[in-house]
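Enquirer: Here is what each chain is made of, one letter per residue.
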Amino acid sequence: MRGHRAGVKTGIMPNLLEVKNLKKYYPVERGVFKETAGYVKALDGVSFTIGEKETLGLVGESGCGKTTCGRLVANLLKPTSGEVLFDEEDIFDLRGKQLKSFRKNAQIVFQDPYSSLNPRQKIFNIVAEPIKIHGLYPAKEIKNRVEELLKLVGLSPELAKGYPHQLSGGQRQRIGLARALALNPRLIVADEPISSLDISIQAQIINLMLDLQDKYSLSYLFISHDLGIVKHVAHRVAVMYLGKIVELADTDTLYAKPLHPYTKMLLDSVPKIKTKVTPPTVEKPATETLAGRQNEGCAFYSRCPRSISRCKEMDPLLEPKGEKHYACCWNPE
Amino acid sequence: MWQRFSSNKLALSGMVVIAFLVIIAIFAPRVVTHDPTEQNIADYLQGPSAKHYLGTDDLGRDVFSRIVYGTRISLSVGFIAVGIAVFIGVFLGAFAGFYGGWIDSLIMRFVDIMFCFPTFFLILMIIAVLGPNIYNVMAVIGLTSWPGIARLVRGEILSVKEREFVYAAKAIGASDLRIIFRHILPNALAPVLVTATLGIADAILVESGLSFLGLGVQPPMASWGNILTTGKDYIEHAWWLTLFPGLAILITILSYNLVGEGIREVIDPKQ
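Residue numbers (this note's numbering), protein chains in the order written: chain G, 1 to 333; chain P, 1 to 271.
Each hint should be verified, as a subset may be incorrect.
[Unchecked claim] Sample of chain P residues at the chain G side, in silico, Cβ under 10 Å:
#1 I23
#2 A168
#3 K170
Hints in this document: simulated from the structure, not taken from any laboratory. For every residue, glycine included, the Cβ atom is placed at its ideal position computed from N, Cα and C.
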């Protein structure tokens with residue numbers, strides 16, 4: 001388990017990435033003239049940091065804005081407001097050479113290995129393209145570098161001649177990793193990198209990612225809905241609910257002592273092997289979605305078993321509740 | 001892909017016919033039995049015979065040789081006109097779909113305006129102004145038939161550009177042009193192939209129509225359309241003048257349509 005080292009490592013490390021009050025609203029347009037009828041708040045004021053060589057796990061149910069957050073951090077979308085500082089520079093202000101240098105340093109690995117590789121490109125070209133774009137190696141050495149990268153992710157260099165459709169899901173995900181590693185990045189946004197793979201392959205990819213982290217001092221933003229895996233890879237964990245971070249803490253702390261009722265609910269829902277069968281906790285059904293969310297009060301109010309009257313009136317803020325332990329709740333556990 | 005296409009017997013026979021026509025067009029001078037423009041008044045309006053396989057016209061010219069040379073006109077008009085249309089349509093559609101916003105609105109409203117004109121009358125008018133010759137016909141057909149392709153390409157681009165490999169290309173620092181031409185377009189062009197194939201058939205029909213009206217290929221140069229024009233004056237006594245160029249048009253259009261439908265079936269993901 002990685003969690004043990006978390007307390008020692010974080011805090012000392014300088015921040016590689018700092019996300020400040022990041023918001024992404026999608027306008028909902030109605031009618032012929034496309035009046036804006038409202039906004040879907042995919043990301044509503046998210047802040048966190050990632051240190052050098054650190055893995056931050058970002059968990060939450062589907063549709064809570066995790067993927068949007070990952071794509072903003074990789075500068076693939078423009079935010080409605082807020083900043084993402086990489087090496088203390090706002091990535092959304094970068095142009096030309098500086099933007100290219102950011103792209104070299106921050107890479108992304110996608111959820112669906114069947115959609116993340118161009119079906120009309122050969123594997124060799126997929127892995128070689130970033131090297132060519134950034135001119136990292138002279139033309140003669142590109143072939144060697146591609147073979148080296150394929151070996152690094154545990155694939156046979158022979159595969160370079162083929163097309164993505166000839167590979168299995170796990171092999172494709174390794175190609176996705178090789179493409180990201182081709183630029184020697186410092187940060188990799190891993191957007192549910194294993195959720196579409198078989199269990200046995202999941203472990204291989206995770207272990208590969210951990211090895212690569214040690215070898216190349218990588219930082220990960222590890223997005224997942226699988227709490228078990230996040231516990232294994234992350235130093236710190238942020239829990240998202242409807243576009244907001246509701247709890248953020250060191251991995252060990254969060255799993256041992258969750259403060260936010262939503263985090264607790266998530267942890268309780270992880271299947272465990274039990275000796276004694278206990279009745280499951282009664283969960284209120286989700287009535288709110290990102291699209292239909294009301295503005296006042298806590299977003300989690302309607303599902304929360306610990307709600308008090310204040311929760312309906314005022315939205316809580318993410319505040320420190322313990323040492324390096326932040327929660328966004330009026331009535332934490 | 002090819003296996004599925006070739007298992008469709010109709011599409012395959014269409015392709016064989018087109019290949020055959022292309023060969024005839026290329027080797028026209030060797031295929032013909034007479035000079036297509038040579039007049040022989042003594043032999044005028046003769047029916048099909050061993051000397052004139054498909055008869056002669058009112059000036060005693062060999063209809064078989066004229067139809068063979070007409071193949072060159074029809075095929076080249078089809079290819080070049082559709083080539084122009086695909087080039088313009090793919091470019092404008094790709095930029096509209098990729099950039100969205102006001103670029104998209106501008107291009108697509110222009111497409112809408114183009115769709116408002118009855119194309120054939122627009123072509124007639126332009127040809128009447130520019131003067132009838134084969135190059136004007138190719139250019140004008142090409143310049144009026146791109147909007148459908150632009151609309152199609154835009155739609156394809158909109159669906160492909162949200163796929164993750166396009167985000168991946170952006171993340172590795174690929175330029176917009178590289179993303180459009182290397183990553184998006186190769187995955188969006190299959191339906192264009194279908195439209196282009198069907199478009200060749202349309203272009204050939206339009207050219208025949210224009211030549212029939214005297215606004216396309218000018219005599220003495222032979223085209224299927226202008227053989228038909230002569231034919232209509234003698235349709236009561238010289239049926240071969242109408243039947244054979246008409247059949248040539250029919251078979252060619254049918255072949256292109258069969259091939260187009262065949263490709264459509266192959267690339268249809270629902271099958």
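Enquirer: Each hint needs a verdict: does it hold in this structure or not?
Expert: Okay, the hints, checked on the actual structure:
Checking I23 of chain P against chain G by beta carbon gives a least distance of about 31 Å; that is not within 10 Å, so the hint is violated. Interface restraint check for A168 of chain P: the shortest CB-CB distance to chain G comes to about 6 Å, inside 10 Å, so the restraint holds. The restraint placing K170 of chain P at the interface with chain G holds, with a minimum CB-CB distance near 6 Å, inside the 10 Å limit.
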